Amino acid sequence: VCIHRVRSCSSIRVIKSKYVCVFDKSALKFSHQQRLFRTSAVSCGQIVQFKLSDIGEGITEVTVKEWYIKEGDSVSQFDSICEVQSDKASVTITSRYDGIIRKLHYSIDDIAFVGKPLVDIEIDAAKGVASEEDVVETPPMSHEEHTHQEIKGHKTLATPAVRRLAMENNIKLSEVVGTGKDNRILKEDILNYLAKQTGAILPPSPKAEIVPPLPKSETVPAVPKDKARKIPVPVSRPIVFSGKDKTEPVTGFQKAMVKTMSAALKIPHFGYCDEIDLTQLVQLREELKPLAEIRGVKLSFMPFFIKAASLGLLQYPILNASLDENCQNVTYKASHNIGVAMDTEQGLIVPNVKNVQVCSVFDIASELNRLQSLGSAGQLGTSDLTGGTFTLSNIGTIGGTYAKPVILPPEVAIGALGKIQIVPRFNGKGEVFKAQIMNVSWSADHRIIDGATMARFSNLWKSYVENPASMLLDLK
Amino acid sequence: MVLQPSLKNCLRLSCILRTPKAGFRSTARGALIIQSVSNDVYQNLAVEDWIHDHMDLEKQQILFLWRNSPAVVIGRHQNPWQECNLRLLRQKNIKLARRRSGGGTVYHDLGNINLTFFTTRKKYERMENLKLVVKALKALRPQLDIHVTDRYDILLDRHYKISGTAAKLGGTSAYHHCTLLCNADKFALSSVLKSPYKGLKSNATPSVPASVKNLFEEDPSLTSEILLDAIAKEYATRHQIDHHITLINPADETLLPGINNKTKELQTWEWVYGKTPKFSVSTCLNMAYKDSVLDVKVNMDVKHGRIEVCNIDLPEQWLPPALYSELVKSLTGSKFCPNETTALATTLLRVCPQDDELHSRWNLLCENMIMLM
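If you're matching them up, the sequences are chains S and H in order. If you read the first sequence in UniProt numbering, its first letter stands for residue 1, the second for the next number, and so on. If you read the second sequence in UniProt numbering, its first letter stands for residue 1, the second for the next number, and so on.
Keep in mind that the hints were calculated from the coordinates and are not lab data. The structure presented is a predicted model; accordingly, all values stated were derived computationally and were not measured. Fair warning: there could be bad hints in the mix.
What the hints assert, rightly or not - List time: in silico SDA-like cross-link candidates among lysine to any residue, alpha-carbon distance up to 25 Å:
1) 259/S <-> 352/H
2) 259/S <-> 332/H
3) 70/S <-> 352/H
Using the sequences provided together with the hints, build the complete structure.
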């Protein structure tokens, strides 16, 4: 029993002192004496004119810059009401009362006067009504909390800093026990509440102390007892989730994507997947990387994939085509403008490398570098983002093996490249070797492209990528 | 005193508060001098927020010293499009931050020092703070001709501004911060603080441009470190405390719980751009198309950084009406942001008829619109 108590006490002490060290009471802000809510002479629904208080430095007028509330909103004491500015000083005006905003005396950019009414607030109704609402809202409480229920009837007193801490942690102030003056909620109270919720420390309730006394026999080993003590007592309190749904309008780029993807849906997609052995390409890239670096270019696998795709498109130009709206005409595009899907802050954008058919692998690598740095800086131009004829998406850099990519109109095909994995494979002699395998998933427009074409293109692309030396034969 | 900016010197602010001040008996109740080890403008602004929100300044005033790598800082109620060359900022990778205090736009780099004086609202007194700075500078170099104006600027040689001021008041505490030009890049300063955007109409607080000069130009032996030290010394003397500067790391969540959230908030688009007071753009695009130049009138209302209303006066049938209305519909509600507009315009193009002529007109129009942002 003794060991257990000491351990639990010391652990609690350690945690408490850690909190105390950071949140020393002297460091906390206590509200200004003048701002304490007066509970005495207030009747039901009384409208109070909240006057603009002294700003200091002899200032008499300020400009109202932003309202944080509007008429009809309910406010609590210390909530921010508005932001005013005077001569390079920005001042946050906080409410002195709990209640409902009934009138704003100024609009944005109006001049407001110190000492004159700023807003009209209807003070809260009598205590009784308030407590009823509170009880309905709060979830069932466990035994330990019964003694604190009376607090629910009072308005929760807390400084703005404490309120913010509560808000950041999704805590209802009405559920926290305040240990400050007038049951004010202090920072330690929020932290203790949090600690309880996460089960970080076991509350020193009567139940925890009822532990069977140590048997006097020496044959009882200490280890199982320790184990027994380490088994956590399940917290019986129901989990409170106070999150709210958030609705936002679909605007800008997102809206455009909705339109594009809806159009893409009209394209009958078919998929074709395959496995690519990149062992030789990995080796080649290792050899060429330093050469590219000397020329100031970072060489990844993409330039090889892109060039191989272009060589394949020379043999199967229908994959680099476009079908018009009425499906009347197919336009075979002369340029291979191969798009590379990029994940940015906005979402998915697809800049393209122009005229890959006349670019060397190095040219492509260099262009990719340029597009990537512009992309991460958010500075891609319209010409970089338009005119694409075929797209490759290297989703493997994030993860995944097989995918089902969606064709980006007005194109007719797209390829998604999975991640490279080292797996065992058999070679020609029947021996097992380490292979670097990547999966590719193609999608194509089944209105003008058939499975056989896609398969042949994929095989050709695969042969170039698996045996990079073969690209030399067909390079123009 | 030479400063050793090592993290070993970082003490918990709380421990400093709890340690009794040995030997001093002062009515001023003590003060604390802290300096940031970071040059990130958002982290440093977050420290200001944190101290303002969480520390009781009744018992102890604070002087916070900080410097930033190149950044433009606009006042709480300002319009970044009106105040600086956003295109140039993006190109040169100069950060844009919106602070919580009022006032005008400033350019920060490591040649500029920032001083923040934290007090209770009762003790908020900007003139006194600036006089302290002047006193410190004069003690260092008596020959300097510097004085404080009634606009709370510090002028060198009666003419050149070397310091600007701003302040924030809220709840029970207040802070007054000011800049001090030691050896900043004046060329960068003047080029980024010149807005190329025309036709903007807004009630946002305008900046008052001024000729500036670096203290370094007056006396090449002055460095940021020397100036910081001199000011700290004067502050220490005024508040009768040790001339000791405590280093703090603005990324330290244990020392400053919740600071990383504050830092993140200051970097959000919603804060930096979205807090711009409502404004309108009324201008004319001169689009060179084929052999002629088209004059296209554009009118937009921007609220919370988003396009509320958009009117583009194109010649009839220059773009198919359906396409034009699609563009306007997409722009409405969209961020007034070149990135967003580029992404939006190029994505929409995918579902337009595949006509080269049409595409080049569309791109031309969109590029011109993007230039406004």
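Satisfaction of hint between residue 352/H and residue 70/S, Cα-Cα up to 25 Å = violated, 43 Å
**Prompt:** Hey, residue 259/S versus residue 332/H, does the alpha-carbon distance stay inside 25 Å?
**Reply:** holds, 15 Å
Distance restraint between residue 259/S and residue 352/H, which requires alpha-carbon spacing of 25 Å or less: holds, 11 Å
Checked against the numbered hints above, the structure violates only hint 3.
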